[in-house]
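Visitor: In case you want the letters, here they are:
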Amino acid sequence: MSFGLILNAIICFAIVLATFAFAVSLQQSKKKQREESVPTLNALIVFWSLVGAFFLFAGLRTLAAYGKFTEVETALYNIGSIPFAFVTVPLVYFIIYIILGDHRVSTGVSTVFLIFGSIYLIALFGFGVIGPFTDEWGSTYDIDSNITINVYLSGLFIVPTSMILGLLLLILLQRIPKRLQNRIAFSLVSISLIFDFMLLDNIAPTGAMQMAARIFIFIGVVLGYFSYFSDSFDKKLEMMDRRLGVSQTELEDFDNEDE
Amino acid sequence: MDIDIEFEQEVARFYLSMGITTGPGDIQYRLILLVLARNGEDNVTRFSEIREYTDKIADRGSIGGKMKSVFQLEGLAMKVGHGDYIITHKGLLATDFIRSTSGFYKKVKDIEHIIERIPS
Numbered sequence: 000m001s002f003g004l005i006l007n008a009i010i011c012f013a014i015v016l017a018t019f020a021f022a023v024s025l026q027q028s029k030k031k032q033r034e035e036s037v038p039t040l041n042a043l044i045v046f047w048s049l050v051g052a053f054f055l056f057a058g059l060r061t062l063a064a065y066g067k068f069t070e071v072e073t074a075l076y077n078i079g080s081i082p083f084a085f086v087t088v089p090l091v092y093f094i095i096y097i098i099l100g101d102h103r104v105s106t107g108v109s110t111v112f113l114i115f116g117s118i119y120l121i122a123l124f125g126f127g128v129i130g131p132f133t134d135e136w137g138s139t140y141d142i143d144s145n146i147t148i149n150v151y152l153s154g155l156f157i158v159p160t161s162m163i164l165g166l167l168l169l170i171l172l173q174r175i176p177k178r179l180q181n182r183i184a185f186s187l188v189s190i191s192l193i194f195d196f197m198l199l200d201n202i203a204p205t206g207a208m209q210m211a212a213r214i215f216i217f218i219g220v221v222l223g224y225f226s227y228f229s230d231s232f233d234k235k236l237e238m239m240d241r242r243l244g245v246s247q248t249e250l251e252d253f254d255n256e257d258e
Numbered sequence: 000m001d002i003d004i005e006f007e008q009e010v011a012r013f014y015l016s017m018g019i020t021t022g023p024g025d026i027q028y029r030l031i032l033l034v035l036a037r038n039g040e041d042n043v044t045r046f047s048e049i050r051e052y053t054d055k056i057a058d059r060g061s062i063g064g065k066m067k068s069v070f071q072l073e074g075l076a077m078k079v080g081h082g083d084y085i086i087t088h089k090g091l092l093a094t095d096f097i098r099s100t101s102g103f104y105k106k107v108k109d110i111e112h113i114i115e116r117i118p119s
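So the protein sequences, as listed, match chains A and B.
Everything in the first sequence is counted per numbering that gives the first Met the number 0, starting at 0 for the first residue and increasing by one.
Everything in the second sequence is counted per numbering that gives the first Met the number 0, starting at 0 for the first residue and increasing by one.
Careful: at least some of the hints might be erroneous.
[Stated by the list, open to error] Label pairs and their computed distance ranges (CB to CB):
id, chain 1, residue 1, chain 2, residue 2, range
1, A, R178, B, G82, 52 to 60 Å
2, A, T106, B, D109, 15 to 23 Å
3, B, L91, A, I157, 20 to 28 Å
4, B, D3, A, G165, 40 to 48 Å
5, A, S28, B, S68, 50 to 58 Å
6, A, Q32, B, E51, 25 to 33 Å
7, B, E51, A, E34, 32 to 40 Å
8, A, Q26, B, N38, 40 to 48 Å
9, B, L92, A, K177, 35 to 43 Å
10, A, R103, B, G22, 36 to 44 Å
11, B, M77, A, V111, 54 to 62 Å
12, B, D3, A, Q32, 30 to 38 Å
13, A, Q32, B, H81, 55 to 63 Å
14, A, V111, B, E51, 46 to 54 Å
It should be emphasised that the hints constitute simulated quantities derived from the structure, not laboratory data.
Glycine included, each C-beta is placed from N, C-alpha and C at the ideal position.
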């Protein structure tokens, strides 16, 4: 096939690397966290790991498409659907726990989404998929059931997205330090971006659209990473500036001004 | 309605930390007003009832002084007998304000807790 498929697979593996690096960095930052934020941190680690797992199989699937191994490709699509179906579970836990701070309620609500995810998988495996349809840029499948798409759209997509946007609005409307507000907002925007484009990735009718969705997902992961670790990145940049002697000099006002 | 002394102290400390030393930041003022408002405009509040709450945080003399210098002088409460007080309409307005400061405190704390739960 074409170079486009290889490029598509490379983007998938870049997402895998970025998400796993993010998950590992979050895991390493556990000791620095407050006790209250440990459950949400765990949920976030699981979320990024599931995103990474989904794109690992997506990347392998694209390579299989390049090699024309249709059966392997379908098997990888089915395996990749498992992390895809359950990616909402840690996400919902994360949002509910942040808002309410109650472990039991958060677990209860995320269990509902676990059930939704299971229904989606049962419907997906039960009704099957049509494909693969391989073109220059990617390989896609058609889900052979309206029930599966409806379960995904109503249960797994609309509700969590609304939750993210609700939390984002709640944070933006509060009087909290600007730096903190930006960090939280960017983090939520990145999650939302990834979540939305993962949907598009899964139901994309053409390889080009799938490729575009994956590029946006990669941007989302990088945005998410920097929203969390921008402080250390800022410090490194500052250090580089000083070493290279290119740091900005602050110009003071002229002392002998008349006014 | 029961009055939670510890919570009121917490709220008063919060306002004190903002430099608001009187009104919302004054625990004695908060407790006296809340006890008076609990009995309403139609019922007499005995000084001993107020002291049930204030004894844990201040001595009798300072509460008596506050009753005179703030509550009676500003018309928040009327003295109707020896150690008997009735809250005025103005006093009830002040109570509404004090309750709204508790609401504001709760809102601020809720947001603080939300932020604490977000991984940093």
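Visitor: All hints, please: hold or fail.
Guide: Checked hints:
1. A:R178 <-> B:G82: 52 to 60 Å: Distance hint for A:R178, B:G82 holds at roughly 55 Å.
2. A:T106 <-> B:D109: 15 to 23 Å: holds, 21 Å
3. B:L91 <-> A:I157: 20 to 28 Å: Cβ of B:L91 to Cβ of A:I157: about 47 Å, so the range 20 to 28 Å is violated.
4. B:D3 <-> A:G165: 40 to 48 Å: violated, 31 Å
5. A:S28 <-> B:S68: 50 to 58 Å: holds, 54 Å
6. A:Q32 <-> B:E51: 25 to 33 Å: violated, 43 Å
7. B:E51 <-> A:E34: 32 to 40 Å: holds, 37 Å
8. A:Q26 <-> B:N38: 40 to 48 Å: Since A:Q26 and B:N38 have Cβ atoms about 57 Å apart, the given range 40 to 48 Å is violated.
9. B:L92 <-> A:K177: 35 to 43 Å: Once the Cβ atoms are compared, 36 Å apart, the range 35 to 43 Å for A:K177 and B:L92 holds.
10. A:R103 <-> B:G22: 36 to 44 Å: holds, 39 Å
11. B:M77 <-> A:V111: 54 to 62 Å: holds, 57 Å
12. B:D3 <-> A:Q32: 30 to 38 Å: holds, 31 Å
13. A:Q32 <-> B:H81: 55 to 63 Å: The hinted range 55 to 63 Å holds for A:Q32 and B:H81, with Cβ atoms some 59 Å apart.
14. A:V111 <-> B:E51: 46 to 54 Å: holds, 48 Å
The earlier numbered hints that this structure contradicts are 3, 4, 6, 8.
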